[in-house]
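So the sequences go chain by chain: A and B. If you use full-length UniProt numbering, the first sequence corresponds to residues 1 to 255, in order. If you use full-length UniProt numbering, the second sequence corresponds to residues 1 to 342, in order.
By construction, these hints were calculated from the structure, which means they are not laboratory data. A couple of the hints might just be wrong.
[Unchecked claim] Result set (DMTMM-like, lysine to aspartate or glutamate): computed pairs, CA atoms no more than 20 Å apart in a straight line:
{"no.": "1", "chain 1": "A", "residue 1": "Lys3", "chain 2": "A", "residue 2": "Glu63"}
{"no.": "2", "chain 1": "B", "residue 1": "Lys181", "chain 2": "A", "residue 2": "Glu122"}
{"no.": "3", "chain 1": "A", "residue 1": "Lys218", "chain 2": "A", "residue 2": "Asp197"}
{"no.": "4", "chain 1": "B", "residue 1": "Lys316", "chain 2": "A", "residue 2": "Glu89"}
{"no.": "5", "chain 1": "B", "residue 1": "Lys181", "chain 2": "A", "residue 2": "Asp111"}
{"no.": "6", "chain 1": "A", "residue 1": "Lys124", "chain 2": "A", "residue 2": "Glu153"}
{"no.": "7", "chain 1": "B", "residue 1": "Lys133", "chain 2": "B", "residue 2": "Glu240"}
{"no.": "8", "chain 1": "A", "residue 1": "Lys52", "chain 2": "B", "residue 2": "Asp198"}
{"no.": "9", "chain 1": "B", "residue 1": "Lys181", "chain 2": "A", "residue 2": "Asp149"}
{"no.": "10", "chain 1": "A", "residue 1": "Lys194", "chain 2": "A", "residue 2": "Asp149"}
{"no.": "11", "chain 1": "B", "residue 1": "Lys316", "chain 2": "A", "residue 2": "Asp149"}
{"no.": "12", "chain 1": "A", "residue 1": "Lys52", "chain 2": "B", "residue 2": "Asp199"}
{"no.": "13", "chain 1": "A", "residue 1": "Lys208", "chain 2": "A", "residue 2": "Glu175"}
{"no.": "14", "chain 1": "A", "residue 1": "Lys169", "chain 2": "A", "residue 2": "Glu143"}
{"no.": "15", "chain 1": "B", "residue 1": "Lys316", "chain 2": "A", "residue 2": "Glu63"}
Here's the letter readout for the chains.
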Amino acid sequence: MLKIENLTKMFGGLAAVNDVSVEFEANRINAIIGPNGAGKSTFFNLVAGTHKPTSGRIILDGEDITPLRCDYIAQRGVGRTFQTTNLFEQASVLDNLIVGHRLRTKSGLWDVLINSKRLQWEEKACRDKAREVLDFVGLNHVENRLIADITQEERKRVAFALALATDPKIVLLDEPAAGVNPEETEGLADLMRKMVDHGLTVCLIEHKMDMIMGLADKIMVLDHGEKIAEGTPTEIRENPVVIEAYLGSDEDAAA
Amino acid sequence: MLKLASFMTRPAAKYLLIVLALVFPLIARNEYQVYVMASAFIWAIAVYGLNIITGYCGQLNLAHGGFFALGAYTLGLLTGDYGWSFWPAFVGALLMTAFIGFLVGVVSLRLKEHYFAIFTLCVGFIMYMLTDKWEELTHGPIGVRDIAAPHGFGIVDFTETTPFYYLVLAFLIFAIWFMGKLSRSLLGRTFMAIRNGDDLAQSLGINLMRNKTLAFVLSTTYAGMAGALYAGMVRFIGPEDGNILHTFDMITYLLAGGIGTLSGPLVGTVGIVWLTQSLQFLEEYRMILFGPLLVVLVIFFPRGIVGSFLGWLHRKTLDAGLPAAKQKESRIATGKGVENNA
Ligand SMILES: Nc1ncnc2c1ncn2[C@@H]1O[C@H](COP(=O)(O)OP(=O)(O)O)[C@@H](O)[C@H]1O
Ligand SMILES: [Mg+2]
Numbered sequence: 001m002l003k004i005e006n007l008t009k010m011f012g013g014l015a016a017v018n019d020v021s022v023e024f025e026a027n028r029i030n031a032i033i034g035p036n037g038a039g040k041s042t043f044f045n046l047v048a049g050t051h052k053p054t055s056g057r058i059i060l061d062g063e064d065i066t067p068l069r070c071d072y073i074a075q076r077g078v079g080r081t082f083q084t085t086n087l088f089e090q091a092s093v094l095d096n097l098i099v100g101h102r103l104r105t106k107s108g109l110w111d112v113l114i115n116s117k118r119l120q121w122e123e124k125a126c127r128d129k130a131r132e133v134l135d136f137v138g139l140n141h142v143e144n145r146l147i148a149d150i151t152q153e154e155r156k157r158v159a160f161a162l163a164l165a166t167d168p169k170i171v172l173l174d175e176p177a178a179g180v181n182p183e184e185t186e187g188l189a190d191l192m193r194k195m196v197d198h199g200l201t202v203c204l205i206e207h208k209m210d211m212i213m214g215l216a217d218k219i220m221v222l223d224h225g226e227k228i229a230e231g232t233p234t235e236i237r238e239n240p241v242v243i244e245a246y247l248g249s250d251e252d253a254a255a
Numbered sequence: 001m002l003k004l005a006s007f008m009t010r011p012a013a014k015y016l017l018i019v020l021a022l023v024f025p026l027i028a029r030n031e032y033q034v035y036v037m038a039s040a041f042i043w044a045i046a047v048y049g050l051n052i053i054t055g056y057c058g059q060l061n062l063a064h065g066g067f068f069a070l071g072a073y074t075l076g077l078l079t080g081d082y083g084w085s086f087w088p089a090f091v092g093a094l095l096m097t098a099f100i101g102f103l104v105g106v107v108s109l110r111l112k113e114h115y116f117a118i119f120t121l122c123v124g125f126i127m128y129m130l131t132d133k134w135e136e137l138t139h140g141p142i143g144v145r146d147i148a149a150p151h152g153f154g155i156v157d158f159t160e161t162t163p164f165y166y167l168v169l170a171f172l173i174f175a176i177w178f179m180g181k182l183s184r185s186l187l188g189r190t191f192m193a194i195r196n197g198d199d200l201a202q203s204l205g206i207n208l209m210r211n212k213t214l215a216f217v218l219s220t221t222y223a224g225m226a227g228a229l230y231a232g233m234v235r236f237i238g239p240e241d242g243n244i245l246h247t248f249d250m251i252t253y254l255l256a257g258g259i260g261t262l263s264g265p266l267v268g269t270v271g272i273v274w275l276t277q278s279l280q281f282l283e284e285y286r287m288i289l290f291g292p293l294l295v296v297l298v299i300f301f302p303r304g305i306v307g308s309f310l311g312w313l314h315r316k317t318l319d320a321g322l323p324a325a326k327q328k329e330s331r332i333a334t335g336k337g338v339e340n341n342a
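Working from the sequences, and respecting the hints, build out all of it.
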């Protein structure tokens, strides 16, 4: 469903992503691992259109989305979370989520002025969608809490919900389990499995190896911007290049 | 205490305020007070505009005072030099500020954060310079005289203070009404998403340029409306009306009242205008009192009076599990709330 061809991104003289080709199948959990600075977040930024690649192509369901702007790519069905998510702290969880479905609506200034039927209908649709995704991530009970008052793990779930509210086909999750404890990590892993059960394709960046090994269908390993391996968790675990470049040498990231 | 507080977010509080504003000229001690209130309302309209682009959309626009002056000058020159009557010139002022706002917006909004602020600071200064130096058009430092007031009808004469006060009040109510609709609508939520961060907003499929430009044009049109009313009230304007200091005044009003809230601009503007009025006897020394007061406000109420109040109320009602919480929720749900903190 997502096909990457010879993707390269240069920042000045630095190749943050270097000639990476890979294919992610639909309805799978795909993981991207690699040491800090390997270019994982940059890879996501390229797929989502936040950065434009120096060269290479990104093909989503047969369509070349490389030249498209970020918001169009979101409309094509690429949802994402960021390594650090800036939610609106002083608003309720539900209020934060309503705008997530905005891209599926059309109301403009005129609709606001005349309070059009379309606007009312679309606002209801957005609100329903927000409740639906909140339910999906299991956060019904915090609907009216301010973001400032919820836990780190709940924030992660809200960030998932926000990405889901865009009605994506594929979600890119950047270190979704950073900063949460092992039990909560397991809960987030279950949530990703649930997404796949509901027909989504998941791509995630993660440092927690035990989580990845039990979760991913396919793993791509990046190092210094280059793809050094890809395969199933078992293949990756036994791959000598990976062991040397990453698992063996970088205790911290492997932990 | 909590009851009183939650009353203030009910529609009843809104109607009470309107009634108070309506009877104000009757209870005011003299005409001067009515005049001060009318000018506070005019500034409040402009601050509402600033609240759209800066409060809701998160782009610090330092040309806002310039657009206020543009509205004032458009009305002033059209009526004073070209013989238009007030209302056509008023519409002309709105169109002019919207149009120039669009042009400035599509250029400046390509810049992010403080680059945008600096750029608009320059735009504001250029506008000020133009009113001062382009003498053929603007009369330079002499300013514009003979500005028309709106035509009266019956015994209503808009050259008098009290009728003009009611005219301004009507526009203020319209400005707040539209702002309320906007802030609760999907469009308002789109602006707020942009305020939270360009990257996140764009990843949600939001077209940044289109929405920022729209917010900018709306804000400059608000400024133009306020400027035109101002010109119609004082009927004599000069370059100093476009002084950059007015922009900073408006930012102060907005911060004190509560940036990104619906009633913040009104509370901040009317509050500070009256505070400065009542400290007038101290002359220049009033800043000695006023400055520290502002500092205290910004330190202890970083979200302004209204923002801090609403945050406090939201927590209280949730914690107490009072019926008010449910009411608030259902009111927000039907989109009929008076206040929207989001
Ligand atoms: N916007 C940017 N401008 C310049 N260099 C960047 C930018 N984003 C990332 N980089 C560089 O690209 C490299 C890869 O970064 P990143 O993709 O964030 O790594 P990872 O997510 O794998 O830790 C790093 O050396 C980083 O400094
Ligand atoms: Mg990263």
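For each hint, the structure was consulted:
For the suggested pair Lys3 of chain A and Glu63 of chain A, the alpha carbons sit about 10 Å apart, so the restraint of at most 20 Å is met. At most 20 Å may separate the alpha-carbon atoms for a hinted pair to count; Lys181 of chain B and Glu122 of chain A meet this at roughly 15 Å. Using a Cα cut-off of 20 Å, the hinted pair Lys218 of chain A and Asp197 of chain A holds, with the two alpha carbons roughly 16 Å apart. Between the alpha carbons of Lys316 of chain B and Glu89 of chain A the distance comes to roughly 17 Å, so the proposed pair stays at or under 20 Å and holds.
Distance hint between Lys181 of chain B and Asp111 of chain A is fulfilled; the C-alpha atoms sit about 10 Å from each other, no more than 20 Å. Note on Lys124 of chain A and Glu153 of chain A: the hinted pairing is violated, with a Cα-Cα distance of about 28 Å set against a maximum of 20 Å. Taking the CA atoms of Lys133 of chain B and Glu240 of chain B, the gap is about 12 Å. The hint holds against a cut of 20 Å. Taking the CA atoms of Lys52 of chain A and Asp198 of chain B, the gap is about 16 Å. The hint holds against a cut of 20 Å.
As the CA atoms of Lys181 of chain B and Asp149 of chain A are separated by approximately 27 Å, the hinted pair breaks the 20 Å bound. For the hint linking Lys194 of chain A to Asp149 of chain A, the alpha-carbon distance of about 26 Å lies beyond 20 Å, and the restraint is violated. About 13 Å separates the Cα atoms of Lys316 of chain B and Asp149 of chain A, which keeps this hinted pair within 20 Å; it holds. Pair hint Lys52 of chain A plus Asp199 of chain B holds up; C-alpha atoms about 14 Å apart against a cutoff of 20 Å.
Distance check on the hinted pair: Lys208 of chain A and Glu175 of chain A sit about 9 Å apart at the alpha-carbon level, within 20 Å; holds. For the hint linking Lys169 of chain A to Glu143 of chain A, the alpha-carbon distance of about 25 Å lies beyond 20 Å, and the restraint is violated. With a C-alpha separation of about 51 Å, the suggested pairing of Lys316 of chain B with Glu63 of chain A is violated against the 20 Å cut-off.
Hints 6, 9, 10, 14 and 15 from the list above are not met by this structure, while the remaining hints are.
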